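Enquirer: Each chain, letter by letter, is given below.
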Amino acid sequence: MKKKLKQVLFYSAVVILTLMVIGSLTAILGFILKNGLKHINIEFLTEEPRRMGKEGGIFSIIIGTIYLTALALLIATPVGVAAAIYFTEYSAGKKWADAIRFFTEILAGIPSIIFGLFGFAFFVIFLGLGWSLLSGGLTLAIMILPTLIRATEESLKTVPMAYREGSLSLGASKLQTIIRVVIPSCLPGILTGIILGVGRAIGETAAVMLTAGSNLKLPTSLLDSTRTMSVHLYTLSSEGLSKEKTFATAALLIIIVLIINTLATFITEKYIARSR
Amino acid sequence: MENVEKKFEIRDLDLYYGNYQALIGVGMDIYANKITALIGPSGCGKSTFLRTLNRMNDLILGVRIDGSVKFDGEDIYSRDHDLISLRRKVGMVFQKPNPFPKSIYENIVYGPRIHGEKDKSRLDFIVEKTLREVALWDEVKDRLHKPALGLSGGQQQRLCIARCLAVEPEVILMDEPTSALDPVATSKIENLLEELVKKYTIVIVTHNMQQAGRVSDYTSFFLSGKVLETDRTDVIFSNPANKKTEEYITGRFG
Chain A
1 MKKKLKQVLF YSAVVILTLM VIGSLTAILG FILKNGLKHI NIEFLTEEPR RMGKEGGIFS
61 IIIGTIYLTA LALLIATPVG VAAAIYFTEY SAGKKWADAI RFFTEILAGI PSIIFGLFGF
121 AFFVIFLGLG WSLLSGGLTL AIMILPTLIR ATEESLKTVP MAYREGSLSL GASKLQTIIR
181 VVIPSCLPGI LTGIILGVGR AIGETAAVML TAGSNLKLPT SLLDSTRTMS VHLYTLSSEG
241 LSKEKTFATA ALLIIIVLII NTLATFITEK YIARSR
Chain B
1001 MENVEKKFEI RDLDLYYGNY QALIGVGMDI YANKITALIG PSGCGKSTFL RTLNRMNDLI
1061 LGVRIDGSVK FDGEDIYSRD HDLISLRRKV GMVFQKPNPF PKSIYENIVY GPRIHGEKDK
1121 SRLDFIVEKT LREVALWDEV KDRLHKPALG LSGGQQQRLC IARCLAVEPE VILMDEPTSA
1181 LDPVATSKIE NLLEELVKKY TIVIVTHNMQ QAGRVSDYTS FFLSGKVLET DRTDVIFSNP
1241 ANKKTEEYIT GRFG
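The listed protein sequences correspond, in order, to chains A and B. Mapped onto this note's numbering, the consecutive letters of the first sequence carry residue numbers 1 to 276. Mapped onto this note's numbering, the consecutive letters of the second sequence carry residue numbers 1001 to 1254.
Okay, chain B solo, but in the shape it has when bound (with noise of 0.2 Å):
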């Protein structure tokens, strides 16, 4: 791979959901700044991977892990490693938006109050930078204190994205954020992300194929737990070293 820098190192990742062993020897490296996309069928291990990054996995009873996930260089489920400052700067979204039922300015709030930021007029910056960020500031700026649940569905993902960006993460993990969405939302997403990207570093699970190849930097191929490939992008579209891999891109299965 290039000299760019790795955000994560993942090295003979395997996890145990109780006996059923869901991710197989993964190992893969994801690079700043960059847009890593990961595809593959249903259930093959693309979102459980996804949450391993940031350790959301540890909520589910009976789950183990082997293996290493380095971040930054450090080993993210060493025993001391701290989870707060990981889940800080590593941000996930999540495929059905999930504003809590509190008004828009008290959604992106949140994050930076939990985190000890107290000053009014520090908040009220940091509430129109983010929604500036995702485009939704001119669309909602007369009704901050209004529901965030009576928003539509896309500007209500765009708003758990802004949410996320209030506690200033370094990466965003984003778990098919546009499926549970209509194509004029998507896009507005998938731009989105290409601004994003300039300053985070961006890691998304797809199962849309055309969006996967339009938007990502890399690619990693999932089935069956295990990662079958991971390149440029525009090797895995063009030239993918695997026959299952051409296959699903194709269409072939999936």
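For reference, chain A alone in the conformation it holds in the complex (with noise of 0.2 Å):
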């Protein structure tokens, strides 16, 4: 009898907690968008801010959002990817390749507002970009890399063996191979690391104020400044500018979120069903 009231107080733990988890979930993403969503309409997603965002919409920081994640994202993607691979295929097992590893996990834990810092000094100030989004993609590439070069390197480590030495053995170089068998292999595992990498993005606040400064209108070159959706969030609940602005932001940031994953799940499943 013990024994059975063991396994349903372990149970009945586990289930709590959980609920605990989807109901906290639930509770955070319920409020933002029962006080946001109703403020969200046409004019607010077309038409730029007036009145220091007060009121009009928020179509040029939208933009700005979208051009600065992207461009993070084009610098660190292959940067990225390129490293995994050489860690993994090259230099497996190499003492100074392990060093560089450690390091790189070093980043992943180094507080965002420190890149901010080092953004600001060295991309603002010393290389002379200014705010800009050239400084803020720059910045916000290095804060994402560790996260993506660890998911890849993860991903590449769950190709098996066998793969390689298949295709090793009809001839190929360790290059094609790498690129027409394992890469596609674990295409899941990098679109993971991606969407991490864009979640983190999106959310920074103060490094992108520190980097691409809060510019409100639409950027038209790498060298404009720009702001984002969390910067511009916090900016109209800090001055308190407009309560119902700020949650209609804070909804539309949580939309894009949710729909930039189920886009990912999605291709996901897709691409997985085609290869098994």
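Hints are not guaranteed to be accurate.
Unchecked claim - Examples of chain A residues lying across from chain B (beta carbon under 10 Å, computed):
| hint | residue |
| --- | --- |
| 1 | G93 |
| 2 | Y163 |
| 3 | R164 |
| 4 | L168 |
| 5 | S169 |
| 6 | L170 |
| 7 | S173 |
| 8 | Q176 |
| 9 | R180 |
| 10 | V181 |
| 11 | S275 |
Please keep in mind that the hints were generated in silico from the structure rather than gathered at the bench. Source: prediction; values computed, not measured. Ideal Cβ placement from N, Cα and C applies to all residues, glycine included.
Join the two chains, each given in its own frame, into one complex according to the hints.
Expert: Okay, here's the thing in structure tokens:
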């Protein structure tokens, strides 16, 4: 009887904790969406902000967010994937490679504001790029790099040696093997790393303010300063400019993240179904 | 030995994994269009030896090789020997079937594409030709673009053989190709070998004594990294020169 009781208690504890997690997530999302969705309309999505954001829409801010995130990804993805490939396929087991990887792991744990300060000192001031998409994109890229590298590395490691051996025994070179067999086999994992990167980049606030600034105008060049949704949300809230627009921006941000994640899951599942 | 063409001549082959010597003074000949079986207890070097023939051992860190391995008269471990061309001519089928997570079609055209073949009609031709060679065409012709991993174990292994044939090898190395398969699939592959050997040279590592006796023309017996005996299969199985060979064959150990 005691054994059965233990099992029931454990099971109940697990269920309760799960419900707590789901509950808190639902509460947060629900609260924001409830207060924000009603203020999202066509005007909000397509008009430029007026009176510092008290009126009008957030069109330029949406664009700024997209540009900045895309830029960060464009820089970080090739570098991150290449680095991960190098660590896993070319220099596995070498001591200095392990040292670099350890260093990368440390980078993953450094608080965002430090990256923001670095970005400010180096890109904005020292390189003279000023507050710009470029400074912000480069800084965000460095921030998401460790996550990307780690996710890609883990994915590469899940690819069975048997695939590589099969390819090499047919006369393929190492590079051909990596590009034609290894990477396609673990694309879902790499995509996950990219999504995690997007999630982080979209949510960064202080670091973005320090490097991309907070200009409300629509950015037209890489050297233009821009404002992202998280920065805007923070500014509206901290300066008490508009409670409705704050929630609306937050709600839109959540919706965008949900869409990106859903799309990624959908693409991943389609892809896996095709190869198995 | 007879006056048959030799595909491989191996002399005084030593192989080290770090400090451990896995192959000791191995020497033998592999004859063209014959099936050579490598038998012996687990861990005695058969698979290691097989992998020296297409230099798959190069993949392992800390491996060192001394001695000579000649393919068509050329030392394959010489500095300027073309590795890609060697691996194309000397194909390999592994113990556990390892089709790529791609479609059946994609698996087969992988090799030819790697080597530069782009013409679609030519690729289609290769797919049908090799699948017919392994007696798989009728079973899969209506689902060429479905995932290869959806096939049964035996079908996957035949697919791997077809994939290997697609690059037009001269030698096929097989590392216990049927040990992961059921008896029906096993006998299908053994029958396949009888057909394939007419066009290709086959070297097969096997744990299965009956298989070696049934299928091969020549047999080499490995023990602790050395080749204790190598001869025609009928000699090895009926009148082996070495006592240990006889003990192994009759099942007294291993």
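Enquirer: Each hint needs a verdict: does it hold in this structure or not?
Expert: Here's how the hints hold up against the structure:
| no. | hint | verdict |
| --- | --- | --- |
| 1 | G93 | holds (6 Å) |
| 2 | Y163 | holds (6 Å) |
| 3 | R164 | holds (8 Å) |
| 4 | L168 | holds (7 Å) |
| 5 | S169 | holds (4 Å) |
| 6 | L170 | holds (4 Å) |
| 7 | S173 | holds (7 Å) |
| 8 | Q176 | holds (6 Å) |
| 9 | R180 | holds (7 Å) |
| 10 | V181 | holds (6 Å) |
| 11 | S275 | holds (4 Å) |
No hint from the list above goes unmet by this structure.
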